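Residue numbers (numbering that gives the first Met the number 0), protein chains in the order written: chain A, 0 to 255; chain B, 0 to 683.
Hints listed in this document are in silico derivations from the structure and should not be mistaken for laboratory results.
This structure is a prediction, so every number in the text was calculated from the model and none was measured.
Every residue, glycine too, gets a C-beta built ideally from N, C-alpha and C.
Be careful, since some hints might not be right.
[Stated by the list, open to error] Pairs of lysine-lysine, BS3-like flavour, derived with a Cα cap of 27 Å:
| # | chain 1 | residue 1 | chain 2 | residue 2 |
| --- | --- | --- | --- | --- |
| 1 | B | K603 | B | K54 |
| 2 | A | K213 | B | K603 |
| 3 | A | K94 | B | K9 |
[Unchecked claim] Negatives, chain B to chain A, calculated, CB over 12 Å:
| # | residue |
| --- | --- |
| 4 | Y4 |
| 5 | E144 |
| 6 | L158 |
| 7 | E159 |
| 8 | R173 |
| 9 | S192 |
| 10 | K471 |
| 11 | P526 |
| 12 | S654 |
[Stated by the list, open to error] With the C-beta cut set under 10 Å, the calculated list includes, among others, these residues of chain B facing chain A:
| # | residue |
| --- | --- |
| 13 | M148 |
| 14 | A156 |
| 15 | P157 |
| 16 | T164 |
| 17 | E333 |
| 18 | K337 |
| 19 | F340 |
| 20 | E476 |
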Amino acid sequence: MTDFKQERVSELKQEYAKGAISRRDFIRMLTALGVSVSAVGMFSDSALAGEQDKASEPRENYTIVFDPTKCTGCLSCAVACADKFMQEIAPEQAKDSINLEFSRIRPMRFQFVDFVNICQYCELIKWAEGTSQHPCQAVCPTGAIRTVEQGEGKEGYTGMGYMTVDREKCLGIQNCGRCLEVCEEQFGSGISFDPIEGKAQVCTRCGGDPECVKACPEEGALKFMPTLVNGRYYANQPEEAAELLYKKMYNKNRGL
Amino acid sequence: MKERYGFTGKIARIDLGSKSVSTIQPPEEVYRKFLGGWAMGMYFLFKEGLADPKKEALGPENMLQLMVGPVTGIAPNARTAIVTKSPYNFNCVTLCGGQGGSNLKFAGWDGIQIVGKADRPVYLAIIDDEIEIRDAEQYWGMGAEDAEMALRKQVLAPLEISGSTLSKSDMTRRWAKLRPPREQGIGAKRLSSAWVIGPAGENRVWFANMVTEGARAHGRYGSGAVAGSKNLKGIVVRGTKGQKFADKKKFMQVTSKIKKKESKSHFWRSYGTAGISAKESNVLGGYPIRNWQWESWADPKTVKTLSGPFMDRLSFVRKQSCPGCALHCLYPTEVTSKKEFMDKTITDMPDWEAMGMVGGNVGYLETKDMDPGDPYPGDYKDMAENAAKSQYTTRMFDNKGMDFIEGGALLGLLMELRQRDLIGAGDLDGIDISWGDVQSVEAIMEKITQGKGIGKILGKGTYETARHFSSKKGNQEIMYYSMTGKRYAQPAHGTRSNRDRNALEYVTVVRPCEHTGGGSGSFMKDPIDFEGAINGQNSTAAINSMVYCMFAGGFWGDEGNVEVLKAVTGWEDFSKQELLQVGERAYALSRLFNLHTQNIKDPKKEWDSPKMFPARWFEEPLPTGPFKGRAAFDGDISKLFDQALPTYWKKRGWSEDKGIPSRKKLKELGISDIAEEIAAKLRS
């Protein structure tokens, strides 16, 4: 880098750190200077980059989308997710182990097709179905599944309105299971149960900054992006979805 | 039981005869000595007394072991190893990728051992600690693909399955009216993995294999025949337990570094092993063409038919990886062909071995009436048609559950015998097989799979087939065309140019004639770098005992191997030397096993002898290519067998006359207790 450039970059860095310019402008200006963003080393500092995002970018209507042609089914997403939630739910066990059952995102392999099984945040339609809640939420007898409003919720979550399960209230798979039953019957199969107490688990999108997306080694295979339609249109039972994908990708009916 | 890290400390033993399941808990010392996979599998074969020549591979006393290792699970590049006695009467150590290895570890097992024979077809359903032997009558006869999908449906963890609890009253009134609950309960998740055999395994074709995920196979040495002989259609496993690490933080650090390195690999991430084919023919001169009559096409364009870039544009649909792997070397493929029976076949790429053995080796790449020494007269459409033949054949082998290396060599043999008019169509039940004819290949394969007519003989592999025709015709010349090393097919890496593989490597590997032994570079040096070669072999055997993918070995590196092992197991003082010793143990045990089970008195005459290897390597110089005129060891057989081989044995600490590990060596390796008795017998 030339002296002029270096000076300008450090100026921009300071402004960015102060919050005077947005991340987007910061990157744009760097690009205009012909400096690669990674060379500046700004975004390796996740604390800085992350905090800026949280405040500035609401993530309403964002969802996790996987690209079946790019996903290789390597399970990296599931490992990252499992590790994160184990530390929350079973901190003692998380110290020395990883168990994929804690993961809310599960790639499933159907031979030449990989389907990523994850909650799609389906919503019921009020005028037709009487409520606009999530279906699992609507059938939960104890109100354990709830939506945290945007801007509220856990520390470290960026404020996206997200779904969560109150583990105190959840009756567990041994006694209930209505949430997954309605999900599998009419939508996808987006809920799982943890292997310790058998309580329901649902993807929280990490409150707007999903670990799975960050862990994915294939560019574009797993994306966190806004969608315009109700998540129910993406929800599918794994096996049926796999057959659909097979048909679409290989232009052939497998007939299984 | 003491807390175990990396390992679970348990191996399941299933007797299909008495329908009983028990658990073995090997002491930590055994784990440290053998790790898992190859080495530990061999250890148990010795413990079981299977080196005894009287115990038959396809008899109930044989033991089929499906082993994983300390790093199999969360770590990248997980695999599984099958270790048993091969129908060819030597060791069968064969590895395979896929998600099954991790699943088995998560179920809480370091391996499963299957003995005895079920009185009717069965499959194993493993859900964590619960192992059930279930009836598989309705799956018997199914192809590998269908059988796997059907079996996986049957195995769900308790967390994924439940009766109905939902009723109308749980829903809003309008919703319930619109779509009332069907009361079917829960059970849509599909997280189990399965290994199955195809019809070839059921009919005990010697080179049948166990297949998982449609296109991944424990390919070599006949694991599927052993399963078939036990009436075992498949093994399905679903694990919900996760894996424990001694030092999780370090484990995550080291493995993420490995993953990062992998994600930068241009070679693997572009076309997988399909990326080497053009180089094999045009640069290295090691491509099997028409049963190894050629190893390089005169026209460099010919090979492009089966090259990564061409097949990618033609047919690759996506890519698939094993757990945690960023190399994703498997590319599912959609075949397009003018021939209706091949069109829309879905298979994998083919990978390099298939491109060689059921590509070049059976004459698929040339156009009609073309010789591999001719210029390529065709265009892209011909290339596409020819690629389709290879892809179609790959799918047949996978779905029937057979090894396409041995199978490709067998087809090559039959075609060359027909080319030279040494056999007639009448000898093959009227099937007129010729170079590049995919329909006759299909007909022959059907015969082999069903074990009918000539298929009964062909099902015993290339060498036995050559012997059959040689004695039937009273013509010793036929044996010359059997391209086998130690009675098992030479894989798709030529020896004559000495740029791809050195002939000595095929002679020394203890999994007969394997192409994944390691140390190839050192073998090809002049003079041969014995130390490097032996280290390479030990290191590969160690990787196969840690049970992760050897393709990823370069990304882990020696450092990585030891670091991951330490982090996983907590053996703080584990060293690189100790790891190589695991490989050495695998080598010594496999060597002793192979000699003893075949009752070999003088290995130099009966086993490591020129007559066990193709004379073509030495007698027939390459007709084309950059190494035209070359032969293995410049045609000097005695240089290989009387000079290089004894030197190799000596460097290994094995006797120079027979290649038997010395008493001292066995003691040093700490395996005298299981191996010394047999070694002493062989030494005398």
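Quick rundown of the hints versus the structure:
no. : hint            : verdict
1   : B:K603 - B:K54  : holds (24 Å)
2   : A:K213 - B:K603 : violated (57 Å)
3   : A:K94 - B:K9    : holds (22 Å)
4   : Y4              : violated (7 Å)
5   : E144            : violated (6 Å)
6   : L158            : violated (5 Å)
7   : E159            : violated (8 Å)
8   : R173            : violated (4 Å)
9   : S192            : violated (8 Å)
10  : K471            : holds (41 Å)
11  : P526            : holds (42 Å)
12  : S654            : holds (46 Å)
13  : M148            : holds (5 Å)
14  : A156            : holds (8 Å)
15  : P157            : holds (8 Å)
16  : T164            : holds (5 Å)
17  : E333            : holds (5 Å)
18  : K337            : violated (16 Å)
19  : F340            : violated (14 Å)
20  : E476            : violated (44 Å)
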